[in-house]
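Listed below, chain by chain, are the residues.
Number of protein chains: 2
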Amino acid sequence: MPDAGAPIGVFDSGVGGLTVAKEIMSQIPNERIIYFGDTARVPYGSKSKTTITGFTRQIIRFLMTQKVKALVIACNTMSAYAIDEVEKEISIPIIGVVKPGARVAAAQTKNKRIGVIATEGTIGSGMYQRFIANIDKDVLVLGKACPLFCPLVEEGMLDDPVTDEIARRYLKELMEKDIDTLIMGCTHYPLLAPTLKKIVGEKVRLVNPAYETARELKEMLSDTGMLNPDDLAKQSKGHEFYVSDLADKFRLFAAKILDDPGLTTDKVDIEKY
Amino acid sequence: MPDAGAPIGVFDSGVGGLTVAKEIMSQIPNERIIYFGDTARVPYGSKSKTTITGFTRQIIRFLMTQKVKALVIACNTMSAYAIDEVEKEISIPIIGVVKPGARVAAAQTKNKRIGVIATEGTIGSGMYQRFIANIDKDVLVLGKACPLFCPLVEEGMLDDPVTDEIARRYLKELMEKDIDTLIMGCTHYPLLAPTLKKIVGEKVRLVNPAYETARELKEMLSDTGMLNPDDLAKQSKGHEFYVSDLADKFRLFAAKILDDPGLTTDKVDIEKY
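Sequence order for the protein chains is A and B. 0 is the number of the first residue of the first sequence in numbering that gives the first Met the number 0; add one for each residue after it. 0 is the number of the first residue of the second sequence in numbering that gives the first Met the number 0; add one for each residue after it.
Hint data in this document are derived by calculation from the structure and do not stem from the laboratory. Since the structure is predicted, the reported quantities are computational estimates derived from the model, not experimental observations. Errors might be hidden in some of the hints.
Said to hold, decoys possible - Quick list of in silico lysine-lysine cross-link-like pairs, DSS-like style, CA-CA up to 27 Å:
| no. | chain 1 | residue 1 | chain 2 | residue 2 |
| --- | --- | --- | --- | --- |
| 1 | B | Lys217 | B | Lys233 |
| 2 | B | Lys255 | A | Lys143 |
| 3 | A | Lys271 | B | Lys48 |
| 4 | B | Lys48 | A | Lys248 |
| 5 | A | Lys255 | B | Lys143 |
| 6 | A | Lys266 | B | Lys233 |
| 7 | A | Lys271 | B | Lys233 |
| 8 | A | Lys48 | B | Lys248 |
| 9 | B | Lys266 | A | Lys48 |
| 10 | B | Lys143 | A | Lys248 |
| 11 | A | Lys266 | B | Lys271 |
| 12 | B | Lys248 | A | Lys143 |
| 13 | B | Lys233 | A | Lys48 |
| 14 | B | Lys255 | A | Lys48 |
Said to hold, decoys possible - Beyond 12 Å from chain B on every Cβ pair, some chain A residues (computed):
| no. | residue |
| --- | --- |
| 15 | Met24 |
| 16 | Leu139 |
| 17 | Glu154 |
| 18 | Val161 |
| 19 | Pro189 |
| 20 | Glu201 |
| 21 | Lys233 |
| 22 | Leu257 |
| 23 | Pro260 |
| 24 | Asp268 |
Where a beta carbon is used, it is the ideal one built from N, C-alpha and C, also for glycine.
Throw the hints in and build the complete structure from the sequences for me.
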């Protein structure tokens, strides 16, 4: 079994999961992260459950070779499709971004109407709906797939009238159905929070699953005595970043998001795992 | 060696190549097509040359098991990155969409200023620029990556003020540089031709590489005596469609694009090839 000094494996289909890694770094700064982004096969949003579960198993096999003490699926689609199957197959704790976000949304809604915006895969899986129904069967969960949001974020169009217009269309139905809570169910979406806030107004609360996931991870490590007692600066290594393609492009993006110009990224042939 | 009765392998990263398959069916209706769409790893547009060349080799290995007489790379990114390497490795003719489109554009331009719109991968490869320079070194080729066009097409936003606005931004610089010819360098883009035409006006000619590729394939088969002499209806099998994921979703889309509600699609584990 790994000890408290072991790193945490965090993985995503690409760069989006860096927002989750950043939250973990901020909330539990002693923890060392091994990040994997599947940039050769990104995006996962419109692929099947079987394919995504297979990809998830390959990534977990790679991260297990890095002797991690816990895993975080920093991708809503993988969390939605694969977590229930893969958690039976491994001996260390695994947390996905779906359940923490769902729990907080269910606790916060007053009128029991929650909206979820995410990729087609996450919405199609019905995972948020099922999980929230398990907590409180009286909550109505309305899902809306927003396939243009990720490419808009990747084009850097975060504050743009075109993005406003597309967001207005995507959110129209949810607003007409009077939601009071909106889960940003894709790791790219918190970067659109100012745009979303402008459209949904003050009465709707935005839930950021990245934040809630880091909080839950901290609690879980604390409850099991697995929080790393040592300052990261005193550990033998820092965070490590791996991708399946375009390591340099990833490195530039990650360096900006994490405000760490010195980070390095290595390429892994993930299909071998 | 395969004979004239053998099928033609046509492949793409996903559904986009169906526009090329459709042109082939229309221009040389006797030819039987074996189509492969890599829906598990789509899109290719922002992946590296090494990764894309590897994917291309796997797809070719699969299509060779189907005893094809010729191959058509119905994907600009694969044509741009991989064709020069893979054509040395196989014994049957292979045509990509880049060269036919480039040849026609070079022949048509009057003021020697050609614009190319495509994915980041195709533009970044500089393939259109290099190939046109080989034909006529005085032609100025201006490339512009348009990463939002594919998701807009996949959202069905073909005739929409948002798409107009995004197209206007993407084309602004090319129009200021006074192009008279515009290559639609991604198989999705011909579906946006009416929008593009509205913005570039009558003075700019649009080049559709799918059309030119089918024309060149027909010529090549004719010149080598390899045109199929038999009516497709009299052959033992019809067209066949294979994908790496989501066969049902692909089937619905293909049935619509090709106006053939009866077509079937099978899933192939492409990573095994």
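Each hint tested on the structure:
1. B/Lys217 with B/Lys233: With Cα atoms ~20 Å apart, B/Lys217 and B/Lys233 stay inside 27 Å; holds.
2. B/Lys255 with A/Lys143: 25 Å, holds
3. A/Lys271 with B/Lys48: Answer holds: A/Lys271 to B/Lys48 is near 19 Å, not above 27 Å.
4. B/Lys48 with A/Lys248: 13 Å, holds
5. A/Lys255 with B/Lys143: The hint holds at about 25 Å.
6. A/Lys266 with B/Lys233: 50 Å, violated
7. A/Lys271 with B/Lys233: Outside the cut-off at roughly 44 Å; violated.
8. A/Lys48 with B/Lys248: Within the cut-off at roughly 13 Å; holds.
9. B/Lys266 with A/Lys48: Between B/Lys266 and A/Lys48 the Cα gap is close to 14 Å, so the pair holds against 27 Å.
10. B/Lys143 with A/Lys248: 19 Å, holds
11. A/Lys266 with B/Lys271: Given pair A/Lys266, B/Lys271 holds - Cα atoms ~21 Å apart, limit 27 Å.
12. B/Lys248 with A/Lys143: Roughly 19 Å separates the two Cα atoms, so the pair holds.
13. B/Lys233 with A/Lys48: Outside the cut-off at roughly 39 Å; violated.
14. B/Lys255 with A/Lys48: 24 Å, holds
15. Met24: Its Cβ never comes within 12 Å of chain B, the nearest being 26 Å, so this holds.
16. Leu139: 26 Å, holds
17. Glu154: 6 Å, violated
18. Val161: 6 Å, violated
19. Pro189: Its Cβ never comes within 12 Å of chain B, the nearest being 20 Å, so this holds.
20. Glu201: 27 Å, holds
21. Lys233: Label holds. Min Cβ-Cβ 37 Å, cutoff 12 Å.
22. Leu257: 21 Å, holds
23. Pro260: 23 Å, holds
24. Asp268: 9 Å, violated
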